[in-house]
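Engineer: Position chain B relative to chain A; hints supplied.
If you're matching them up, the sequences are chains A and B in order.
For the first sequence, position 14 (counting from the first letter as 1) is numbered 14 according to this note's numbering, and the numbering increases by one without interruption.
For the second sequence, position 1 (counting from the first letter as 1) is numbered 1 according to this note's numbering, and the numbering increases by one without interruption.
The hints are simulated quantities; they were obtained by calculation from the structure and are not laboratory data.
As the structure is a prediction and not an experimental result, all values here were calculated from the model.
Treat the hints with care, as some may be off.
Output of the computed footprint for chain A on chain B, the stretches with three or more beta carbons under 8 Å from beta carbons of chain A [what the hints assert, rightly or not]:
1. 195-208
2. 404-416
Here are the computed distance ranges between Cβ atoms for each label pair [what the hints assert, rightly or not]:
3. Thr214/A <-> Ala131/B: 29 to 37 Å
4. Glu226/A <-> Thr407/B: 28 to 36 Å
5. Pro77/A <-> Arg393/B: 37 to 45 Å
Anything over 12 Å on all C-beta distances counts as not near chain B; from chain A, calculated [said to hold, decoys possible]:
6. Gly58
7. His59
8. Thr83
9. Ser125
10. Gly135
11. Arg142
12. Gly154
13. Arg173
14. Arg191
15. Arg194
16. Pro217
17. Glu221
18. Tyr260
C-beta: ideal position from N, C-alpha, C; glycine also.
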Amino acid sequence: MPRVVDSILAMPTLTPPSSTAPLVWNRRHLLGLQGLSAAELNLILDRAAEFKRLHAAGHTKLDHLKGVTVGNLFFEPSTRTKTSFSLAAKRLSADTVDFTASGSSLSKGETFIDTARNIEAMGVSQMVVRHSSSGAPHHLARHLNAGIINAGDGTHEHPTQGLLDIYTIREHRGRIAGLTVALVGDILHSRVARSNIWGLTTLGARVIVCGPATLIPPEIERLGVEVSHNLDDVVPRTDVINLLRIQAERQRSAFFPSIYEYAHFFGMNGDRVRRARKDVLILAPGPINRGVELTPDVADGDRSVILDQVTNGLFIRMAGLALLHEASQT
Amino acid sequence: MACLLIRGGRVIDASRNLDQTGDVLVRDGRIVEIGSGFNDADEVLDAAGCIVCAGFIDTHVGVRDPGYEEDETTATVTAAALAGGFTRIAALPDTLPIVDNATAAEYVVLQAKRAANCRVHPLGAVTRGHAGEELADLGQLARSGALAFTDSKSAIGSAEIMRRALEYARMFNRPIFVHPQDPTLTAGGVMHEGYYSTLLGLRGMPAAAEEIIVGRDIALAELTGGRIHLMSLSTRGAVEQVRRAKQRGIAVTCDVTPHHLALTDADMQNYDSNFKVRPPLRSPDHVAALIEGLVDGTVDAISSDHQPWASEKKDRELDLVPFGIAGLETLLPLCVKTLIEPGRLTWPQLISRLTTGPARILGLSDIGTLAIGAAADVTVIDPQRTWTIDPSRFRSKSRNNPFAGWTVQGQVRAVAYNGEVRYRAGAD
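Only chain A is shown next, with the shape it has when bound in the complex (with noise of 0.2 Å):
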């Protein structure tokens, strides 16, 4: 029987932050960050931040999933994604499982579908699902009983990076209600940018997204996000600038005349910096093209949180793998 996609079946809220809203996660799924109320995501951020304090006084070992096994499956290539879900089950004591393909020597063989199903057959029940088409993540939560993670479909969402950008940003400013967060880049093609504006606009920051007028989608003004393609306009009124990936294709599909013209206009580099409030922080979430979205100055200076974002990204995907299995034990 097909069951309901928890997430992707709600319209687009933007109701804001409840306090009244009960703290307990019950989705079986985190397919995105579109319709979890700030309850919910703030629930996630805690768990994270619990995590990370177990950590730091020496827990490296909890056995939250002790008995679960939790599969990688990763149908498109992935080495930072798939080693921090990985390491995030193994420091909870889970067995993992790992399934590697591209897209195109499966689409010769054997459907997605029926790898996920063999590999929920050897016991697997909770899966971490990466796939370059849209949609694929929701469509084995119809066909399987297992948990499903979106750890990245097509160019939808990415939530668990989504919430790894935003718990960088509370960590270092404590709050994300009130703060303005430029996305600069390609959002047409940027499952990161959905997650990140679902997640940051449910919290209660603005946010702008920035690019080039070819790779911004359509009517993105209706998710509650200014427009700007004016990146010096930007740079001194944000408190947080998220660099996301140019892929170097993009330019031969003619989104952007060349990769020369992307850096001159929207890349990152110290004289934009330097124009930018003095604690601005400064995210990407990789992989970077130093020279590219932004320079090795900038990427490797003190306003930078890259590899913060790294390691917050691992208790980020400890609290999601906890909460769903505690989920699916009630």
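Structural biologist: Okay, now just chain B, sitting in the frame of chain A:
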């Protein structure tokens, strides 16, 4: 002398503005009388409370036979057509092999005769192999029964080829059927470009992709004096261009599908591949324009654009699944829901878009009518009957239909082809 009496229905004949309660008497496959008080018949169909009209005609149906029998066969598609109220369908040539030669066209006709359900007219390819490069054997295709030429769901990218096709097809008085989507603006697209494609992170296909080709081909029809038929129009701009072209006397016709009336791009939010269609489901303003076009007669016909796909092809990642809905068996109740129930069309108007409209497009002058002496292709509809759509019960071999579970009103109860009752609905 086989005699069939269809008794006591509301007889609607769009070909001569007939709308009266009465009996339809059929002898030897032809309509012989419409009146009352007939008693002598070999077979009686009780049509009390029902609408009796000419059999529906579908201008473009994916038959999939030969070559893709895992999706559909001629036997199953014609059985589905009958269950949907159709007595004639025109088969898209995008089979394997493609119907770009006389032999393939004759196979389509022969398979339909073997199936002995309803009539299937072949549509011939415009270009060999649907490659868009050289013209198929249009003359021989016409001689083998092709009523029109089309490259199915492949847009003819070259305006030059389209011009030559229109000029050449004019010799045989055949129209070119166009799937109006600019290939460069729709490459890799999954859904309508707009708010929901942004929300869902799915590649969009802008309305402009349709409007550009509609504009181009109207201009070419005017230039050449050829005739175009635009399949499955889906945008406001396209309907407005057709309206203006018709006012100027250009030979253009168009149709829409029920799913483009009943659904919008917001329905993509479940990532359910049954909603992935080409052209894509549009936003509500476009849907309203299609209905306005049906009301004022700009839109000539309604087509199921039946596109059956085996479940292994449709039950996959959205980017990989083919476009289309197996829609023959759900067309009527969706027309009732979107057009009759809101009071946008009357029953005689709806029936004209399913009979005389498509007959004109296909150049079938004596079809789609209940005129005395006409072939007795008759459909009996219960307009009140409520039922729940269940694709597992389709006659079609495929199940890809997004209306599963919808409770709808209006059901085909019986269909006669050439005076022979070929379909009767079950008791449920």
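Engineer: Now, for every hint given, state plainly whether the structure supports it.
Structural biologist: A quick look at each hint next to the structure:
1. Only residues whose beta carbon comes within less than 8 Å of a beta carbon in chain A count, and the region 195-208 of chain B has 9; three or more means the coverage holds.
2. Coverage of a stretch by a chain is defined here by at least three residues with a beta carbon nearer than 8 Å to that chain's beta carbons; for the region 404-416 of chain B and chain A the count is 0, and the condition is violated.
3. In this structure the hint that Thr214/A and Ala131/B lie 29 to 37 Å apart at CB holds, the actual value being about 31 Å.
4. Between Glu226/A and Thr407/B the beta carbon distance is about 44 Å. The supplied range of 28 to 36 Å is therefore violated.
5. Hint check: Pro77/A to Arg393/B, Cβ distance near 44 Å, so the stated range 37 to 45 Å holds.
6. For Gly58/A, the shortest C-beta to C-beta distance to chain B comes to about 41 Å, beyond the 12 Å cut-off, and the non-interface label holds.
7. For His59/A, the requirement that its beta carbon stay farther than 12 Å from each beta carbon of chain B is met, with the minimum near 37 Å.
8. The beta carbon of Thr83/A is kept farther than 12 Å from every beta carbon of chain B, the shortest such distance being approximately 24 Å.
9. The beta carbon of Ser125/A is kept farther than 12 Å from every beta carbon of chain B, the shortest such distance being approximately 23 Å.
10. With a closest Cβ-Cβ approach of about 3 Å to chain B, Gly135/A is found to fall inside the 12 Å limit, against its non-interface label.
11. For Arg142/A, the condition that its CB be more than 12 Å from all CB atoms of chain B is violated, with the nearest at approximately 8 Å.
12. Against chain B, the non-interface label of Gly154/A is violated: not every CB pair exceeds 12 Å, the least being about 6 Å.
13. Remark: the non-interface label on Arg173/A is consistent with the geometry, its nearest Cβ contact in chain B lying 28 Å away (cut-off 12 Å).
14. Not every CB of chain B lies more than 12 Å from the CB of Arg191/A, the least distance being 6 Å, so the non-interface label is violated.
15. Residue-level check failed: Arg194/A sits 6 Å from the nearest beta carbon of chain B, not beyond 12 Å.
16. With a cut of 12 Å on Cβ distances, Pro217/A falls inside the contact zone with chain B, its closest approach being about 4 Å.
17. Not every CB of chain B is more than 12 Å from the CB of Glu221/A (nearest about 9 Å), against its label as outside the interface.
18. Non-interface call for Tyr260/A relative to chain B: holds, since the shortest CB-CB distance, roughly 26 Å, exceeds 12 Å.
Checked against the numbered hints above, the structure violates hints 2, 4, 10, 11, 12, 14, 15, 16 and 17; every other hint is satisfied.
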